[in-house]
Amino acid sequence: MNDPYKVLGVSHNASQEEIKKAYRELARKYHPDNYHDNPLADLAQEKMKEINEAYDAITKGTAYTSSSSNSSSYNYGYSNSQGSGYQSGYGGEFAQVRSALNSGNLSYAEQLLNSSSNRNAEWHFLMGSLCYRKGWLDDARSYYQRAVSMDPSNNEYRQALNYMTMSGNAYRPARYEYGSQTDACDICTALMCAQLCCRCR
Amino acid sequence: MFGYIRPLRPELKVKDFDRFKACYCSLCHTLGKEYGLPARFILNYDFTFMAMLLWGEDEPETCCKKRCPVSPVHKKPMCFGSEGLSVSAGYSVILTRWKLMDSVRDDPFFKALGSRIAMLLLGRAYKKAQAKYPDFDRCVRERLTELDELEQENCSSLDRTADRFAALLSAASQNAGGEKERIYEQIFYHMGRWIYIVDAVNDMEEDAKRGNFNAVLARYGGKTELGDVETRELKVTLTHSLNLIISAYGLLPKTNWTDVIENILYLGMPQVAEAVFKGEFKNIRDGVPR
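Here the protein sequences line up with chains H and Z, keeping their order.
Per the numbering used here: the first sequence = residues 3 to 203.
Per the numbering used here: the second sequence = residues 160 to 449.
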């Protein structure tokens with residue numbers, strides 16, 4: 003069993019506040035939004051479970067319990083075990099493609115899509131999803147765009163396109179936040195100066 | 160070979176910059192020791208990054224100072240102790256050799272003369288690296304042949320061509336084993352994709368002039384200048400690859416190299432991409448202060 007303090011990256015005599023801060027930072031790092039449709043989503047999910055358990059173990063002062071009913075951690079994300087799958091409840095011609103994509107069987111999904119003669123909005127959307135899973139991000143965006151222009155009212159397609167125009171999502175530590183580099187430094191410098199003044203007296 | 164994967168120096172802590180330099184020198188030393196003097200000349204930042212990335216959290220560092228041909232009087236600090244250094248050295252020899260081969264085949268006689276000579280000089284080093292990493296060598300050869308075929312047919316899908324180069328680089332993840340191999344595979348795949356596209360943008364003007372294949376030119380139907388829409392699309396797709404690299408990297412355990420690597424991912428690579436779009440990459444490469 004891993005040392006819960008090591009999992010959260012804090013020392014054994016860390017304060018409640020420090021532990022909470024470390025936990026929140028890690029939860030932000032492994033948040034499902036950063037692993038949307040990602041081939042490594044399962045690993046991120048495991049990490050999240052690990053830090054949730056570590057946080058529970060420390061705050062309750064107990065060994066590991068897998069009880070989740072009264073857990074004190076925030077238990078971020080990953081509510082369904084599949085991460086963010088493609089709803090396969092749609093039925094119809096492309097149900098098989100969706101389930102192939104969900105199970106990660108990309109070559110089968112590709113084969114089904116290529117043999118389909120029905121090139122409607124959903125076909126373009128699923129083609130985009132397939133490209134995305136392969137890491138073909140430029141083609142994925144083109145297919146999603148086509149799907150949205152063929153069926154502008156569909157939320158699923160619009161969301162997918164939106165995600166592409168945002169360049170996806172990734173965790174950034176506070177010191178690398180966009181445009182706030184100098185601000186963060188300024189705050190630090192100000193605090194250091196303040197501390198110096200206090201010491202002088 | 161490319162040199163696009165580099166830290167943003169002014170934002171590195173001095174200790175991290177020293178570490179980065181030490182890793183760079185160690186890789187050079189490894190190249191010299193394992194593959195002979197000519198191999199030292201292929202040293203670059205991209206493979207230094209690979210060495211840092213492959214440095215396992217359980218591999219202890221031995222830091223020391225050694226002389227080198229460039230600095231025979233003042234010894235340089237170096238850091239050894241990782242198998243990653245050897246692997247990066249071997250892979251860089253193999254990749255450079257195949258890139259030279261490419262240019263010998265494609266470029267006009269006089270332009271290719273330099274590549275021919277370099278290939279001769281690297282001959283022995285390549286034989287050694289090939290014997291040590293036969294799988295990687297085969298993979299590079301196959302992917303570059305496929306890439307060449309796509310270039311011949313002037314493939315208009317940027318992803319399709321970038322994919323072959325990305326697949327070539329992701330072969331560097333082999334033998335890591337288990338979860339790590341999956342993580343490295345994703346990092347190297349998108350690293351390769353990012354490098355390929357950035358390189359295509361960087362070479363666009365020259366390729367257009369010479370009539371060579373260029374993946375970005377082919378993607379936009381031969382336009383020789385990028386408009387706002389095209390630039391935005393390319394930037395979005397590059398940032399997306401970078402985000403996927405960052406998410407994958409977050410799953411690896413922290414090492415002594417984490418701070419340098421984070422600087423490269425969060426600051427260095429975005430800065431390089433920005434400069435390439437502005438046509439100012441040369442300034443970064445030559446170390447012109449901003």
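Since the hints were made in silico from the structure, they are not lab data.
A portion of the hints provided could be inaccurate.
Keeping only pairs whose Cα atoms sit at most 27 Å apart, straight-line, the calculated DSS-like set for lysine-lysine is [said to hold, decoys possible]: (1) H:Lys51 with Z:Lys192; (2) H:Lys49 with H:Lys22; (3) Z:Lys258 with H:Lys31; (4) H:Lys22 with Z:Lys258; (5) Z:Lys339 with Z:Lys382; (6) Z:Lys174 with H:Lys136; (7) Z:Lys172 with H:Lys31; (8) H:Lys136 with Z:Lys258; (9) H:Lys49 with Z:Lys382; (10) Z:Lys413 with H:Lys31; (11) H:Lys23 with Z:Lys258; (12) H:Lys31 with Z:Lys339.
Per the computed footprint, the stretches of chain H lying under chain Z, defined by three or more beta-carbons under 8 Å from a beta-carbon of chain Z, are [said to hold, decoys possible]: (13) 111 to 123; (14) 147 to 158.
Ideal Cβ positions, reconstructed from N, Cα and C, are used throughout, including at glycine.
Hint by hint, here is what the structure shows:
Between lysine 51 of chain H and lysine 192 of chain Z the CA atoms are separated by roughly 45 Å; this puts the pair beyond 27 Å, and the hint is violated. Annotation: proposed proximity of lysine 49 of chain H to lysine 22 of chain H holds, straight-line Cα distance about 17 Å (limit 27 Å). Of the supplied pair hints, the one linking lysine 258 of chain Z and lysine 31 of chain H is violated, its CA atoms being roughly 38 Å apart against a limit of 27 Å. This hinted pair does not check out: lysine 22 of chain H and lysine 258 of chain Z have alpha carbons roughly 51 Å apart, beyond 27 Å.
This hinted pair does not check out: lysine 339 of chain Z and lysine 382 of chain Z have alpha carbons roughly 41 Å apart, beyond 27 Å. Distance restraint check for lysine 174 of chain Z and lysine 136 of chain H: the Cα-Cα separation of roughly 38 Å exceeds the 27 Å cut-off, and the hinted pair is therefore not satisfied. A threshold of 27 Å between alpha carbons decides the hint, and for lysine 172 of chain Z with lysine 31 of chain H the separation of about 23 Å falls inside it, so the pair holds. At most 27 Å may separate the alpha-carbon atoms for a hinted pair to count; lysine 136 of chain H and lysine 258 of chain Z meet this at roughly 25 Å.
Using a Cα cut-off of 27 Å, the hinted pair lysine 49 of chain H and lysine 382 of chain Z is violated, with the two alpha carbons roughly 46 Å apart. Proximity of lysine 413 of chain Z to lysine 31 of chain H is assessed by CA-CA distance (about 13 Å); at most 27 Å being required, the pair is judged to hold. A C-alpha spacing of about 48 Å is found between lysine 23 of chain H and lysine 258 of chain Z, which places the hinted pair above 27 Å, so the restraint is violated. Distance restraint check for lysine 31 of chain H and lysine 339 of chain Z: the Cα-Cα separation of roughly 18 Å lies within the 27 Å cut-off, and the hinted pair is therefore satisfied.
With a cut-off of 8 Å between beta carbons, the stretch 111 to 123 of chain H has 0 residues touching chain Z; three or more are needed, and the interface restraint is violated. Under the rule that three or more residues need a Cβ within less than 8 Å of chain Z, the assignment of the stretch 147 to 158 of chain H is violated, with 0 such residues.
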